Amino acid sequence: MHHSLPRRGLPAGIVLFLALTVACEGQNGTQAQDKPDALGPAQVQGDTETSATVRAEMPLIQGDSGWPRLLGKDFDGVGDTGGLEFDWSSRPEVAWQLQVGEGYGLGSVVGDRYYQFDAIASSRGGEERLRAIDLESGDVIWSQVRPMRYRDMYGYESGPRGTPTVAGDRIVTFGVAGDLCCRDRSDGELIWSVDTNAVYGVVQNFFGVGSSPLILDGKVIVAVGGSPSEDQRLPPGRLDRVAPDGSALVAFDLQNGKELWRCGDELASYSSPRTMQIGAETAVLYFARDSLIAVDPRHGKLLWSFAHGAELLESVNAAIPVVSGDQIFLSECYEIGSVLLSATREKASVVWQDDVNNRRKQVMRAHWSTPLLVDGYLYGCSGRNNPDSDFRCIEFATGKLQWNDGRRIRSSCALAGEHLVVLEERGEMQIVRPDPAELDVVAEYDLSDLIRYPCWAAPIIVGNRMLLRGDSKVVCLALTTKS
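Residues 1 to 483 in the numbering used here are what the sequence shown spells out, letter by letter.
Source of the hints: derived by calculation from the structure; they are not laboratory data.
Just so you know, nobody snuck in bad clues.
Listed next, the in silico SDA-like pairs over lysine to any residue satisfying Cα-Cα at most 25 Å (straight line):
{"#": "1", "residue 1": "Lys347", "residue 2": "Asp326"}
{"#": "2", "residue 1": "Lys347", "residue 2": "Glu335"}
{"#": "3", "residue 1": "Lys482", "residue 2": "Gly417"}
{"#": "4", "residue 1": "Lys473", "residue 2": "Ile61"}
{"#": "5", "residue 1": "Lys301", "residue 2": "Lys347"}
{"#": "6", "residue 1": "Lys219", "residue 2": "Ala280"}
{"#": "7", "residue 1": "Lys482", "residue 2": "Val441"}
Note that this is a predicted model, so its numbers are computed, not measured.
Hey, can you work out the whole structure from these sequences and the hints?
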């Protein structure tokens with residue numbers, strides 16, 4: 001999927017986080033008609049969309065807590081391996097493959113189920129689809145679809161950019177046109193939905209909605225970024241003329257979809273809200289279009305904001321803040337690079353900051369891939385486009401560049417036990433031992449026969465299974481464990 005963008009146009013990668021408009025009836029907490037997929041539970045036996053090739057000698061070993069949301073339970077990209085150690089001496093075997101529709105995100109894993117969110121075309125028109133997949137066999141357990149309507153301004157796929165979030169018996173999705181849906185995890189039946197674009201007057205962002213939901217203390221917190229009614233007549237993408245209207249974040253009741261609070265005078269970005277402990281209290285951080293905001297989630301009170309965003313119209317913030325103790329790392333790739341903040345309940349103060357006037361000296365310019373923090377060092381992809389991209393290591397506390405790999409390719413990563421799994425967008429994968437002194441590649445596999453560009457979603461590792469996504473397929477790999 002290659003496209004020629006207009007000058008200063010947005011690169012494809014930012015649409016990761018990294019679905020489609022539906023016809024919601026009414027306002028908050030209302031239900032719209034929902035239909036089982038044509039490949040529903042009664043028809044999944046022998047489903048041609050999956051190809052199960054599980055090896056008998058490598059049965060599924062589940063992790064401890066799964067991967068219930070984007071970047072895992074702690075927002076850190078650390079695989080839930082349950083203490084397993086892996087043998088990387090040979091290429092992992094394919095457990096199963098799943099054909100997927102439009103979209104760019106991987107899903108979530110709880111127990112022995114994997115949940116995939118994508119979009120398909122049918123005789124009924126465009127639809128967004130959520131499926132529950134047996135993690136061991138790849139069989140479709142249930143599949144639900146929902147009518148949608150979305151057209152991307154730059155010609156990219158009309159499917160979800162985000163990840164489903166699971167809490168208890170509920171699973172919540174946030175579509176590319178702002179359709180927020182809460183379903184029963186056992187069968188996918190719709191419990192409630194909110195068309196956030198319509199309710200809050202969202203002017204379409206460059207690639208629609210790219211954020212994933214946060215479920216916290218019975219609340220579903222999502223990035224909305226609505227605008228006053230007079231701005232809804234503006235053409236899509238003219239964010240320089242759009243005013244925010246106090247709904248950067250909106251919290252809904254997980255049980256019924258009713259609004260609980262709204263907060264933040266910011267437009268939406270492609271980043272996702274996450275939690276942080278500040279002292280004894282939990283705060284929600286959201287890296288919005290122009291600023292990082294910290295919010296008290298109990299009542300939606302804004303604690304503070306810190307401006308960090310390029311002045312370019314065609315730019316976005318997409319990576320999720322990296323948190324360690326009371327410090328927060330932010331990064332963008334268009335103009336100003338990275339900053340490390342020290343946070344209290346009252347303010348955020350700069351620890352170190354990239355030179356905003358010299359991109360060549362900026363130590364990390366994260367685009368759509370969130371860097372991982374391992375033993376005091378950040379590992380991640382820096383740069384906007386190839387060849388202005390590389391995988392690198394920087395010291396978290398000081399921002400000192402340790403090394404960069406010089407491959408000049410975009411990638412994402414996750415941590416599998418003691419090793420980084422680095423997946424570049426064309427389907428090549430490196431297993432890297434985290435080492436601030438040098439790039440230490442343990443193994444390298446060309447998986448382009450299984451997944452093809454764009455491979456933008458970070459890998460998911462749960463137990464002895466690894467999930468990868470390419471353009472039209474999710475592949476589940478069975479990882480060999482050390483005895």
